[in-house]
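For the record, the sequence lines run as chains P, G and Y. If you count the first sequence from 1, position 192 lands on 192 in my numbering, and the numbers rise without skipping. In my numbering, each number is its position in the second sequence, counted from 1, plus 1000. In my numbering, each number is its position in the third sequence, counted from 1, plus 2000.
Hint data in this document are derived by calculation from the structure and do not stem from the laboratory.
Below are the DSS-like pairs computed for lysine-lysine, each with C-alpha atoms no more than 27 angstroms apart in a straight line:
1. P:Lys137 - Y:Lys2175
2. P:Lys129 - P:Lys115
3. Y:Lys2202 - Y:Lys2231
4. Y:Lys2156 - P:Lys348
5. G:Lys1236 - P:Lys281
6. P:Lys161 - P:Lys325
7. P:Lys243 - G:Lys1236
8. G:Lys1239 - P:Lys11
9. P:Lys43 - Y:Lys2152
10. G:Lys1174 - G:Lys1188
11. P:Lys11 - G:Lys1166
12. G:Lys1236 - P:Lys8
13. G:Lys1122 - G:Lys1236
14. Y:Lys2152 - P:Lys342
15. G:Lys1039 - G:Lys1174
16. G:Lys1149 - G:Lys1135
Predicted model, so just to flag it, every value in this text is computed and none were measured.
The residues making up each chain are set out below.
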Amino acid sequence: MQNEGKQKIWKDYQKEIADDHYFYVRSCIRQNFFPGSEQTFLKILRAELNKDIFENPHHTTCSGIGYHSDIVPFDTIQTIVARQFALMTEAGYRNLAVSCITSFGIYNEIIETWKEFPNELEKIRNYLKKATGREFKIPQNVSHASDIIYKFREDIFARKKYSLTNHETGKPLKIVEHIGCHYAKMFPGKGVGGAEFPHVLVGMIESWGGEVIDYPERRHCCGFGFRQYLVMSNRGYSISNSKKKFESMEPYRPDAIASNCPGCPMFLDRWQYVIEEMEGKTYGQNGRGIPVLTYEEMAGLVLGYDPWDMGMQMHQTDVEPLLDKMGIEYNPDLKYAGKDGKQIGQVKMAGCKC
Amino acid sequence: MKHIVIIGGGIAGMESACALTDAGHWVTLIEKEAQLGGKLNQWSFLFPDFTPAEKIKDTLFDKCQERDFSILLKTEVKSVQTHQKKFNIETFGGQKLEADAVVVSSGYELFDARRKEEYGYKIYDHVITSADLEKLLRPGSDLSVAAGKNPKRIAFVHCVGSRDEKSGNHYCSKVCCITGVKQAIELKKRLPEAEIFCFYMDLRMYGKHFEELYREAQEKFDIQFIRGRLSEAAEKMDKSLLIKAEDTLSGRPLKMNVDLLVLLVGMEAGKGTATAAAKCSIEYEDSGFLKTNDTFLFSNFSSQEGIFLAGSCTAPMSVNDTILHARSAAMEVNSWLRKQ
Amino acid sequence: MQLYEQLTQDIRFEEGLNSCMNCGICTAICPAAEFYDYDPRMIAGIVQSKDESQIEELLKSDAIWYCGECMSCKTRCPRGNCTGLIIMALRSLSQELGFFTESEKGRQQLVIKRVIGENIVYRGYCILPENLIPELHPEQGPVGEWIFENRKEVYKRVDANYCGEGTGALRKIPKESLDEIYQIFEITGGFERFDQIEHFSKLKARSMGFSDVDEEFTDYINHTYTTNNGKHNRP
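With the rest of the complex left out, here is chain P (with noise of 0.2 angstroms):
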């Protein structure tokens, strides 16, 4: 593989990330099932960036997963997402830092839509007077959370304390990326890098010491398909094409998965463990899974955080074998416990390797 043609693609799609003052919205599954990378991003920007972000407790759901399963039909959340970009224009900022690539993808569909179809806006900006008698400007610029860890990369390294490196043979590590199929598949000029060589991970995962893998299957999706996870019976079109992808990264002995996504982590990693019990196979070394992370987790290690502060704990695919390759100091013994140390509950590990 030469990386010539990757540098050329990755020059063209340099898209503007605003560098200071955002609008924060949280995203409905990384607070379901991630939500210590929520604050572990808030924390890294106020804390160690020096940024100022700002979170108003009305904002809501964008409704993207009703949206794209259907139940929500767009009038509804085009004023919703209205709604959103009145509590922003109200609280004085210009720039949305979104945290979720379904409601990234939202945004930026439904704010093409207005500039394409001037009515749409007009009605939509009826629509949320008459409803909440709210008024709003379009922002500025809507950046993804992740892209916002670009854009500072280098910073967060230059405050580091662990890199992505094998601490022992100070090799980088492996980690194949996987991006959200809404964050740059509809509007390729809207991720950094494009749709096809997406930079912002890679960007992320270079620049902290790690090597990226390329693998075939690279650019398919997670398997999530809204209504196909949502449903029961409808399952193993999600499993299905998550073991594609795992199939076809698993020659290169990856070291972890790093998604951009909040729904994508989730499955990559509950699917390693239902395809353990289902049919015995691991994905990782020595008989375990391959480690998942999301891009704010993998930010935090490198900067030192605790991995169970980070909510770490919450996968069902074991860290470890990923944190002891980084050299990474952490209790075992607390992995499982509460803010005040005491375990919390019993989990039942049996039968389960990841």
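Given the coordinates of chain P, assemble chains G and Y onto it according to the supplied hints.
Positioned in the frame of chain P, the structure of chains G and Y alone reads:
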């Protein structure tokens, strides 16, 4: 004696220059490269009958040699001004020419395959273009260079940079279908063991002997034609390529592993023609190709009187079509000059 | 109004279909086409044909419910179409006309409305920790079960603000904000969509012999959530 300046010394420019000289005019042929011949210099064998490109080129060179006209190599036009029915042409080298008529034969450029990011040209080691392959088809060249070994499975991708809104090119490049058939046969002759697949949407076998060659490719050379546009390529660990298309005739997604992927790159008007249009203040179409006065009877006339068009600066054309179009341009210039 | 004409009223249809030349580039990388007996190219073909009876058949079929809306098709189409957007327009129309209850996959809309839809309106989230009941989500594994059983403590441990006031992950969305979301649903046709799903699903449940003693049609919901006739995949 009238003086005609021809901009572009590819085959269209060469043929027009010869024809206009024969008609008794003085011609200056301007070429930005160090030699005449344009894109023909890149081709090894021509469809549909595998005539060596060299042979056509040599014949054209000889024709030019035998005639008396002026050739300015490594020369680019700086400006073209119209003054009292004359054209004042200045080159970047400071030469000043006065012409009674101008022929634009600035040709085309090959589509830059890097723009189809999903095929990984200049990223994946074993993805090449039809132009790259053409060089490898010369006798004595080593075909294993492109795939690291003699490829066992080869796929051709039709319509790369043509009929594609994503590339910004809506038009058909016309020559790639038959180029694919020609190159597939040549590869099969050299590598009889190899399996060869062509991924196409439509096979546009418009020319004399084209359809016959397509049939021969199927019957005699066992080349497989799959109706489906390639969606993506990805490199595997052994550097072979995983490609994905739909076999639309059976309605199934299809994945295949190949050792070599050949992208049949289309034609674009390119920078040379865009520059010529700007300098001569003549109109061009959305595609970038130069606008002709009509499609039927005035296909050598530009939007400006006295400036004529020849060859693939007006539309994708084969070598054959280009030569014919260049000859007709010469005839139109001659008739027009006689009326002046 | 003809079905095709109704489709054209949907802005996503206008965006999603210019003209299709049947190249198959969408099907080639479609995660659904690989798993299901599904071909997005043919969906575009049928709609483009404007054949009313074929479109009606499509609206009543499982085929329109196979897409995962990953939108991978949009990146590639040489004509700038997006079969994913065409599907969204077809699904909206199928629900409006009640055709969705004619297919096994379409009938699943009710359970999605009941869980995701009601979460959005009444809680301000698409999903919530209490939805992840281990029996319904065995894939969440022992860790998922641990989180579910101990959710208050686990979320507290990672600095989420589960059901709390103020900012933070999983915070309680203030009532006045939920009222605004409610108003938005009311004005923009959100509840109309919900009502259509409920109305046609109940008709179907009755006709399929499910008892209407339980107004919520729990048995029907469980049936649609778990049934898979095994005929959806490629032979």
